[in-house]
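Visitor: These protein sequence lines map, in sequence, to chains A and B. Note that the numbering used here has the first sequence beginning at 1, numbered continuously upward. Note that the numbering used here has the second sequence beginning at 173, numbered continuously upward.
Quick caveat, the hints were computed from the structure, so don't treat them as lab data.
Okay, the calculated bits of chain A under chain B, using three or more residues with CB under 8 angstroms as the criterion: (1) 66–73; (2) 104–113; (3) 131–138.
Even for Gly, the Cβ is constructed at its ideal location relative to N, Cα and C.
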Amino acid sequence: MQAWWQETVTTTIDFKEEADLSMLKLTAYIQQNRKIRIALVLCAGAVAAVGALYLYFHNPRSYPLPCIFYTITGLFCPGCGAGRACYSLLHLRFKDAFSYNPLMTILIPLICLYIAARAVDWMITGGNHVDGKISVKLLVWVLVLVFIYGALRNIPVFPFTLLAPGGLAQIW
Amino acid sequence: MNCVNCYQEIPDGSKFCPHCGAQQPDNPGTDYGNTQTDSGASQTVYSAEAGTDSAQQSGSQPQYQSQNTQYQDAQSYGSGYQNTYTSDYQNSQYQTPPVYQSSYEPEKPINWVPYLVLSIITTLCCCLPFGIVGIVYSTKINSAVNSRDWEAAQKSAKTAKIWIIASAVVGLIVEIIYVVLIYAGVVAGNSYYYY
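Build out the structure end to end from the sequences listed, making use of the hints.
Guide: Below is the structure:
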């Protein structure tokens, strides 16, 4: 007796969420099929490799990659200089990389590590076992640091100009 | 109370019509009076559940109404034997919450770490303003989870996801268009560069 009633309720809910359901089916299918996951991760890895290769052979000094934020506001964003830092890192010139963007030089390897770990974890297990192990406190501190850094590097007075892109090259 | 779709008599406070399945508009304020006056079935159930007089009933009514209407729909209209169902009602059904109620609430709280990490990355690398909106919504997930408001947490998570994707896509597309324009010689490339 109760079954027909619950069935009615369930079908009504299904009808309401039919749009979401097809999306859920697709994600569930991908989640359960390891071959598709591996293919997707490899595609993403190939795109990243192509990007890295492009950057390796194109120095941002001669092939500029403009910062939209800088172009519009004239202020350095916390990521300004990250491209040249990446270029220098790819050529294993750590000192140059540090002078372009000290914070991002530290963060870029961590970001790459995070993305790689998430991708590999998802590829093998289809789940997420990485995020539970990251300290939220640390993340909030990184976030605060990023914003303070972004503000400080725009102050045009000596000790702070070192934080602007290429600023540390004044001393070295 | 009558169904808004098929006009058949249905239990007060029903969310869905047991005859045609149509969703009913919720108006808990008016439902309460009807339950007390004209629905003998639900009163029996209620007295059995509370075991007290009507003064106490009115005090705890709103909570009762919201929790148990679905039960009434299922049992009273399914069996029609009021006396039997009130007796085994307490033993079998009432103690456990209805299945479709729990299906609305995620049991696991949402982890806000991936949203925060990804919004920080998009802020740094792609599009600063959209990324900051993503950060704001990611922190909203955390506060919603802390106050055990799963629905709000899920909503914030959805919004954060949209802003993160928007930030990444807008940042990359604008960047590519800008670079192409510089190479095409439309825009001067001597402005300050970033990557």
